[in-house]
Each structure stands twice: as C-alpha cells, then as structure tokens.
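All chains should be modelled from the sequences, with the hints used to inform the complete structure.
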Amino acid sequence: MKTVDIKAQCRCGKVSFSIQGPALLRGYCHCSICQAVNHAPHADITVFRARDVEAPDASLLQYNAYKFPPILQRGKCADCGDIAIEYLTLGVLPKTVIVPTKNLSGDCVLPEPAFHMFYENRVADADDTLPKGKGYLASQWLFAKKLISVLFGK
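So for the sequence shown, our numbering puts the first residue at 1; every next one is plus one.
For the record, the hints were derived by calculation from the structure and aren't laboratory data.
Everything numeric in this text was worked out from a predicted model, so none of it was measured.
Treat the hints with caution; some may be incorrect.
[Stated by the list, open to error] Cut-off 20 Å, straight-line C-alpha distance, at most; resulting in silico cross-link-like pairs (PhoX-like, lysine-lysine):
1. 146 - 134
2. 76 - 14
3. 95 - 14
4. 145 - 132
5. 7 - 76
6. 145 - 134
7. 132 - 146
8. 76 - 102
9. 7 - 102
10. 134 - 14
11. 134 - 67
[To be verified] Label-pair ranges, simulated between beta-carbon atoms:
12. 11 - 123: 16 to 26 Å
13. 12 - 131: 27 to 37 Å
14. 18 - 79: 11 to 21 Å
15. 12 - 92: 28 to 38 Å
Ideal Cβ placement from N, Cα and C applies to all residues, glycine included.
Structure, rendered in structure tokens:
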C-alpha cells in the first residue's frame, strides 16, 4: 500500500504542514465568509481526517469562528492573512480538517468535487451537475451526507 504524504501551505509559505492520509471529500463553498476570506467567488475545499493531519505551528496562525455555533475554527496565517487550515467538529462524527485546495501540493491525488454548498450566495452559476445546497440547513445536510458516505461507506 502506497503511503500518502501531502504537503500544504498558505500563500506565503510561512504556515506549512503535512497530511499522511487520503483526502475524503472535495467541494465548493459559496458562503459569504468563504468568499471574503478566500478573496474569491467560492472556496474549493478538501476534507481530511484530523488524525491524518500534522498540525501546523499554532503560533503562526490566528483562529476565528466566524459564525455560531463555533463548529468551524478557521486558521489564518498571521503573515499573509490567508486561510491555511480549518478544524471542523460535527457532533459524534470524527473530527475533520478542511484545507483550501489551492494550498495543497500540485502532485497530490484529490477526489473530484462532489457538491456546492451555500449556492444561494453564488457569484455566478456553476456549469456542472453537482448537487447544490441552498441555505444553511440544506448546505450543512448536503455536506454531512457526503461526509458520512465517505467515512462509513453509506
């Protein structure tokens, strides 16, 4: 079995870390927070099991939960201000880490995107057939269903 070793870093490279497991899921988030912190129409995100991620040096990051409940802790690089890593806690599900896909090394193998969430906030229509969650509950449910499917094969 081939060992997975994915390198990740923020734009300036000050915050870097490695991931020792495969990506679980990939998708697009169109929420206003992702648009603002990524300076883009949406965030292309990749999800990993937290246990597979070597945590970056916390002193290089500024963490913030932009919304209540604080299930998502977004870590911004203290130098460049880009999101480097996000820690997601969803109740009884295993802890996961979300990494902006642009932060991952170009040679890593990633799943194809599987969904759009908070699609009602989109800047432009997506030309694809992926499921599109609109609104908070629908978006969270879509994400949770996809995550449960890859975690437990359901």
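Status of the hints after comparison with the structure:
1. Distance check on the hinted pair: residue 146 and residue 134 sit about 15 Å apart at the alpha-carbon level, within 20 Å; holds.
2. Of the pairs offered as hints, the one joining residue 76 and residue 14 holds, with about 11 Å between alpha carbons and a cut-off of 20 Å not exceeded.
3. Restraint check for residue 95 and residue 14: not satisfied, since their Cα atoms lie roughly 25 Å apart, outside the 20 Å limit.
4. Only pairs whose Cα atoms come within 20 Å are accepted, and residue 145 paired with residue 132 is accepted, the gap being roughly 13 Å.
5. The hinted pair formed by residue 7 and residue 76 meets the criterion: a straight-line CA distance of about 17 Å does not exceed 20 Å.
6. About 15 Å separates the Cα atoms of residue 145 and residue 134, which keeps this hinted pair within 20 Å; it holds.
7. Distance check on the hinted pair: residue 132 and residue 146 sit about 12 Å apart at the alpha-carbon level, within 20 Å; holds.
8. About 14 Å separates the Cα atoms of residue 76 and residue 102, which keeps this hinted pair within 20 Å; it holds.
9. For the hint pairing residue 7 with residue 102, the CA-to-CA distance comes to about 11 Å; that is within 20 Å, so the pair holds.
10. Between residue 134 and residue 14 the CA atoms are separated by roughly 35 Å; this puts the pair beyond 20 Å, and the hint is violated.
11. At most 20 Å may separate the alpha-carbon atoms for a hinted pair to count; residue 134 and residue 67 meet this at roughly 17 Å.
12. Judged by the Cβ atoms, the range 16 to 26 Å given for residue 11 and residue 123 holds: they are separated by roughly 21 Å.
13. The beta-carbon spacing between residue 12 and residue 131, approximately 34 Å, falls within the hinted interval of 27 to 37 Å.
14. Checked against the given bound of 11 to 21 Å, the beta carbons of residue 18 and residue 79, roughly 20 Å apart, stay inside it.
15. Roughly 37 Å separates the CB atoms of residue 12 and residue 92, a value that falls within the hinted 28 to 38 Å.
Checked against the numbered hints given earlier, this structure breaks hints 3 and 10; the rest are met.
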